[in-house]
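Novice: Line by line, the protein sequences give chains S and F. Numbering-wise, UniProt numbering puts 14 at position 14 of the first sequence, and it's gapless, one number per residue. Numbering-wise, UniProt numbering puts 40 at position 40 of the second sequence, and it's gapless, one number per residue.
Take these hints with a grain of salt, some might be off.
Subject to a maximum C-alpha distance of 30 angstroms in a straight line, what follows is the list of computed BS3-like cross-link-like pairs (lysine-lysine) [stated by the list, open to error]: (1) F/K150 with F/K68; (2) S/K433 with F/K147; (3) S/K384 with F/K147; (4) S/K385 with F/K72.
These are calculated hints, taken from the structure and not from any lab test.
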Amino acid sequence: MGGNLPNQQPQLKPPDIQSTANGHFPSGNAPSYSNGPTNSSIPGFPPTPFNSNLPNAQYNQPPSLVPPNLTQPTNLGSYNQAQSSTPSNLVPTASLKPTSSFPSQPPYQQSSQPNPTFAANPNLSTSFNSSASSAFSPLKPISSAPQFPQPAKPNVAQQPNFPQQPQIPQPTPSLGYASMNGPANTVPNSSIPYNPPQMTTPSFQPPGLSNVPVSSSFTQPQLPPVPSMPTSAPPQQLQQNSLTQSSSMYQTSSSSMNGFPAPGPMGTIPTSPNLAPAPQNFPTQQRRPVAGATSAGYMQQPQQLQQTQQLQQPGYPVPNPYYGQGQEQNRYVDLRQERNLIGYGVDDNEINLPSTVVNPNVNVNPAVFRCTMSAVPQTQELLKKCRLPLGLTLHPFKDLKNLSIVQTNIVRCRYCRTYINPYVYLPDNRHWKCNICLRSNDLPDEFCWDPATKSYGDPTRRPELHHPTIEYIASSEYMLRPPQPALYFFILDVSSNAIENGYLHTFSEQLLINLDQLPGDDRLLIGFLAVDAMVHYFQFTDPKRPPKHLIVDDIEDIFIPTNSGFCVELAHFRESVRSFIQNIPTLFEANASTSNCVGAAIDVAHKLIAEVGGRITVFQTVLPDIGPGALKNRASSEKPDPKNLVTATDFYKRIALECTGHQVAVDLFVLSNGYVDLSTLSEISKFSAGSVYHYPNYHINRGQVQVKRFQRHFNRYLTRKIGFEAVLRIRCSRGLSLHTFHGNFFVRSTDLLAMANVNPDSAIGVQVQLEDNLAGQHTVCFQAALLYTSSKGDRRIRVHTLCLPITSDFSTIFNQFDLKASVSMLAKMASERALSNGEIADSKEGLLNAAIDALGAYNRSVGQRSGVVLAPTSGGLKMLPLYILGLLKHRAFSSSSQAQKRLDERIAAMLQFKNAPLEVIMLEVHPALYAIHNIDQFEESPQRLPLSYERVNRDGIYLLDTGNYVYLYICSGVRSEILQQLFDVSHFGQLDEDTVIEQRTNPLSDRLHNFLRTLQSQRGLFAPIIVIREDSPQRDLFTMRLIEDRTENAHSYIEFINHLNQEIQR
Amino acid sequence: MFAPDEFFLRAAQQAAEEEEENFADFSPAPPFRMAFTFAAFAYLIALIAVAFCIFFAIYLVICIDELKTDYKNPIEQCRSLNQLVLPEYVIQFVCFVLFVFSFQIFSIVWNAPLLAYHVYRYMNRPVMSGPGIYDPTTIMNADQLSKSAKEGWVKLGFYLISFFYYLYALIYTLVTA
């Protein structure tokens, strides 16, 4: 019955948002089995056949799983590839991480203060206790698990433990199973034919334990520890050591094992093994009176004792890999001392999942889907206490290289409609337990068929259980109406200003080049509209002849002059369209009209294409000043008014919502040399899932950089992938809920985003709130499913699943803090706030508080001392102040007079924060500075330098990579050979800033251009290269982005940290 | 012959006068005649008006709940909600004005904060051309949604209390004035 509903609906209603979204996307209410008219608005979502009537044809023809007509870079042999790709994820790289944390150690060693971790912090101890009482089942068995040969009794620890247990846990597969079966009472998974290679032990071992040296350290306990090596070295040297020699890490880590004191006589029952004893303390611990025999001593060192005991359990399976890391990760760095934070790099956190899920070793690509915390706090109190933002960043339609695409019966949870994914539980071969709603489902018979090996019986081989990101080719059940042709509609500003800045030449050139590359099938439709004080229609009637040019000047009451020919099939009218595009620049050459009525044009354009849906591209060079949606120049007054950031009228928003209802997206290219009220105009894109491109001071002759930028962006814009009629639903585990969405789309429901178009260059952010205690759950899952119509006219579902462990450990939360996701989330939140209420100061305060809160919470947790600002060496928290400072100094939020003058640029920056993918935001906030004058002397790519002018030598050439531009800064003292090699000029004075740097045949130039290409390949949008001489008036472009330096009205980094310190101390 | 007539007339007159006096003694006739004061009128109107407001508040709560749980389209939901915002505010304002004119101090004090809130809320509404305060693009934010739901419940409580108070005050005015 449910299957009929979507077919009936189109006749009943216009294809507005409601019917579309309902029909296309299932609700969480398992509607398939309910009947009756009440459900017609809640989707009559067709039931996926689950248990009985399976289409057997599907699994009799496994080769047809991948259709032959795929054009995007797909992985056709995905099934085989799945097997081979997994091992690369097996060995956790976390064991290498602690090396980089050593430089932080010396300051503490020198200060010889009592270690902060041991400062009997009440916060810490409470959090540990709460974790002990929590229902995280892998932890509980420690005191009661039967497999322990020596359950921890009070008298155990009184004996010298080292000789007693000469064995240490060997990294063998059996250990992995042991740990897996330990909590088996929660998930009866013993019958699953697990693949031993997938259950590799490293993921169950704490990094420090997995190395052979550990065993020697245990068998010879009387050896004196070797703590002096790492601690006595000067910081700089240490850092180099640790960064370059990975072997030294093992040395130090084993020595730290050695440094464990003998267990005290207290014999504490380890309430919780997940404590994170600070390994940086080992040398000092060693000299302490071991064993705090008194109760006071016990109070001081509970963590240490527990840790010790835990390590000495023979064959003790570390219950959760992720807790084991705590011992390596709990080092910290004093932000007031450490200057070269960038040297640590911005690594992604490793996600260690419990082994109970089907495939714990695969993780979703962090560039696609990531959470601000790689381990989710178990309780609300914990989240409140750590004061970190919780949110997701999602790049749903990113261009992916190894995307596996399947056409198969789509298996979904019958209760919550979750798609089957690698993180479900398979209690046996007949059932699967949904990882979102935790209810059990039947596994369809055909799911046991492995199309790659043509064997039957093992469901774990299916690609659905191997890829966290997978794309299904959906059947007609997922369609509300037949896939519509791709439709591209262009609205061109042809007012005198547009003619003056000459963008039409670039437009027509690029469109002509790419006309045959426009994504779409044979039915592809195209149409044009030109706008000045009137609306110019172009009606294509004859494939051989140019279009009729119809002009409507009644813009207040705009109408469509005739009923056909404005949007025509490109295949049929190719000649005509081509010659028309060629003639566009000349057609309006003599236009003297200075006004623009784009509001009327968008209104009428969306009515023209409402039946089909598609994409409207608006080119705008001036403020629309007449007709509906006319705007006033609000930036003319001297004093900046906060209201100017806020939209002036809701006209564009209303049109955008209408467009969304008709599956039309509006993209906006602003090529202005003045104020166009971007905050108001951009609403047309914001709520119709479009994107905004801003090219300030565009002029075809005077601004080559912007012309180049527009040319490349428009090229990519025309040829990139596109999806139509899309909806994105994000499901999350119980206890969590989605709070606020940031990005360009229309929020259709609490978890459903309507996007008329999706493109690979847009990302979204979601704030998440923790509503319930997560005790009892092993993992937290987020699943984003994007249902869209590809340009080839098939309906597809791209499913991303993110699975994260849950932690109740305070320090783990900080160690697993994800800098990139957090910075992107904070940037989105701050932009949202500024754009909604106009108060930039409000946003800045919010950003500042985010840093103060996070660092303050961490410093309180490790036991605060005055005069230091501590941050864990692992995880991204140590870089947070730097990035917050970058945000505060970014032109979006900067209070400098220059930023205030250019209102549109500020708003463009905010809009970019809301919509851009992670990598662009990260570079915009904290640009990457490289020295390139000696780039040919090293094999590897140049290192990022701290963003301070003191790193800029007078004889160097520096490359500053911001998200939108790449600056090449040439100092006056640079050697002439270098100039000769790179720019073909003999000395600095001859250097021309407008020069286009070409690749020349010499190693330096080769290296530079290779490097530039590498940088370019890491982002979606082209960033032009701007050459800046040291004595140039443009120099500010470069120096303003050196965020660690003081500027006219902003702190330097040191001052900022000191300010944070004061705030934290308060 | 004349005398008895005169007597009778006098007696009748006397009786009538007595009767009149008695009547005056026994029942408070003048209050009943002047019973329907302006204050009572105000309360009567307010009673009816607040019944409407109760309906609006219930409708708001239901709509917000539908947005939260069902998959109602926020555009349509906001449209129907926005139609009721100004009527509610106007009704509340009219009641307030009536109370001001009838010098009902307690009712004025009781209604003033809500009136102020209404003015504040409408001043700070999102930029929109039509009447109303609900913006379909932001209503789905969890904090907006919970704020609106909370507002609905609080208003419902407020109007219910108002309703019973007005009822009491109406009777009280009728009885005591």
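Novice: Confirm or reject each hint.
Specialist: Cross-check of the supplied hints:
With a CA separation close to 13 angstroms, the supplied pair F/K150 and F/K68 stays within the 30 angstroms bound. Proposed proximity of S/K433 and F/K147 is contradicted: the alpha carbons are some 36 angstroms apart, above 30 angstroms. For the proposed pair S/K384 and F/K147, the alpha carbon gap of about 21 angstroms is at most 30 angstroms, so the pair holds. At roughly 36 angstroms between alpha-carbon atoms, S/K385 and F/K72 are farther apart than 30 angstroms, so this suggested pair is violated.
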